[in-house]
Each structure stands twice: as structure tokens, then as C-alpha cells.
Amino acid sequence: MKESAVITIPSSPKYLSVIRSVTATMADIYGMAERGRDDVKLAVDEACSNVIKYAYRGDTGQKIVVKFFIAKAFEVVIEDNGIKARPESIQGRSLDDVRPGGLGVHFIRRTFDVFAFDQEKKKGNRLRLIRHRREEDEDRDRRQ
Amino acid sequence: MKIEIADNKGIKVIALSGDIDMHSSPELRKELMFCVQKKVTPLFVDFRGVSYIDSSGIATFVEGLKGMMTYGGKLKFVGIPERIMEIFCFAKLDKVFEIYGTINDACNS
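First to last, the protein sequences are chains B and F. For this note's numbering, add 2 to where a residue sits in the first sequence, where the first one is 1. For this note's numbering, add 260 to where a residue sits in the second sequence, where the first one is 1.
Rather than coming from a laboratory, the hints here were simulated on the basis of the structure. Certain hints may be false.
In silico EDC-like cross-links for lysine to aspartate or glutamate, where the CA-CA straight-line distance does not exceed 16 Å [said to hold, decoys possible]:
(1) K16(B) x D365(F)
(2) K16(B) x E287(F)
(3) K74(B) x E138(B)
(4) K352(F) x D99(B)
(5) K69(B) x D120(B)
(6) K86(B) x D120(B)
(7) K74(B) x D120(B)
(8) K269(F) x D365(F)
(9) K69(B) x E5(B)
(10) K334(F) x D365(F)
(11) K74(B) x D115(B)
(12) K16(B) x D61(B)
(13) K326(F) x D99(B)
(14) K326(F) x D365(F)
(15) K355(F) x D99(B)
Given only the sequences and the hints, what does the whole structure look like? Please build it.
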């Protein structure tokens, strides 16, 4: 059975800690290993930070909706009503090019197996992130 | 995030604790840029109390380092927790920043 949880936050950086906390709890419920839990916490934080920075251009009076789905995979859907992202232009800087910025997308892509924008959404963005169950998660299950 | 400024035998130490994220990193940036403006060197950053860092926190340190390099300043990190160290390594920043286990190690370097 697919279990789900939904949280809506204002598009303000001060609410990112709430997103991190909920993401970590959902990862625990899913049975994710500690390393994976920390990775998804960082990745979802980065995705929401990007919504604030790029979709809402720093406007803290908007909303971000984050949906978690737990089944075989761990799925997170992040929705906003801001400026449409251009998926083809989203790429982090080269890791060898040391300068401020450009790391967030690397943290998201290394954590989630699927990183896809739903092109059907007319206004704003719907980012779907899916992380399939990994061997380290199975190890945790066996230990418990 | 909490920022505490200390003096260790004449060396300025910024001791951080809590989460460094998009919300708290502007405060950290302000402190680092103040040090850059005053041409502080060396500057130690004590990470022992840090529980989390995101890309905005890392970007703040990269900016601080670049600022310090303009006057030959030394920025040294101490006591980075394992999970945060893993993030620095992934971003290949373990080769960019000077990282030490303890303040004494950094003093003796």
C-alpha cells in the first residue's frame, strides 16, 4: 500500500528546517538507512531552496507543497506556482570548477534515481523525485 | 545556527553550531566578509557543533576563502563531523580547504 504525507510551507528559508525534519521522518518510516536519510534530507532541502531562489525569485509570501509517497520506492513531489523551470538548463557546475553555487543539483541527482519535471502542470512546477530501495536499506531491514 | 567568536592564543576562531542552511548562511557570510574586510589571518572555523550544511553554506565558505586569498589569508577548518566531511569530499572541497582534526593541529600546521 502506498502511504503518503503532504506538507505546505511558506516560500521562506526559515521553513526549510521543517521540510528537513519531515523528510528525515518519512525516510525513517520508509526504513531508509541513516546515510540515505541524510542524503534525501539534503536533496529535498536543496530542491525547495531552488524553488525559493528561482521559481519565486526570493518572494517569501508564496507556497511550496511537498508530497511524500512511500511504497516500494521513496517518492517526493514538490509543487510551486512560480516561474517555470527550464529542465534543459538545470545543471550544476563542474565539481572541479571551485566557485560559490551550483552544487545543489548535484546533491539532488546523486540521491534520487528520477529527477523529472511534470510538463503537464500548466502554472508553476511539479518536480518528481524518486529513490528506489537500495542495498543499504535492505541491510537495515535485516538488522532490525 | 549559532556563531561564537573566540580568541585562541591570538587566533580568531569562529565556532559554529546547529544547521547551516539558506536561512542561516547570510549571517555566516556577514561574519566571514567582516573578517575578509579586516584582513584577518589565520581564521579558524570550528565545525564541531555543526549538525547540517547545505550548498548555500558551502558557497558561503567558498566565497570567504576566495576573499581571503586576495590578501594571502589562511582559512582553516577544524573538527568537521563525518557526514559533513563526506559532503565536502563529494564536492571536491576537501582538497581546496585546509582541514584539521583539532585546533591544536591547525595551530601546529
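Here's how the hints hold up against the structure:
no. : hint              : in the structure
1   : K16(B) x D365(F)  : violated (35 Å)
2   : K16(B) x E287(F)  : holds (13 Å)
3   : K74(B) x E138(B)  : holds (14 Å)
4   : K352(F) x D99(B)  : holds (9 Å)
5   : K69(B) x D120(B)  : holds (14 Å)
6   : K86(B) x D120(B)  : holds (11 Å)
7   : K74(B) x D120(B)  : violated (21 Å)
8   : K269(F) x D365(F) : holds (14 Å)
9   : K69(B) x E5(B)    : holds (11 Å)
10  : K334(F) x D365(F) : holds (14 Å)
11  : K74(B) x D115(B)  : holds (13 Å)
12  : K16(B) x D61(B)   : holds (13 Å)
13  : K326(F) x D99(B)  : holds (13 Å)
14  : K326(F) x D365(F) : violated (23 Å)
15  : K355(F) x D99(B)  : holds (12 Å)
Violated hints, listed in ascending order, are 1, 7, 14; each of the other numbered hints is respected by the structure.
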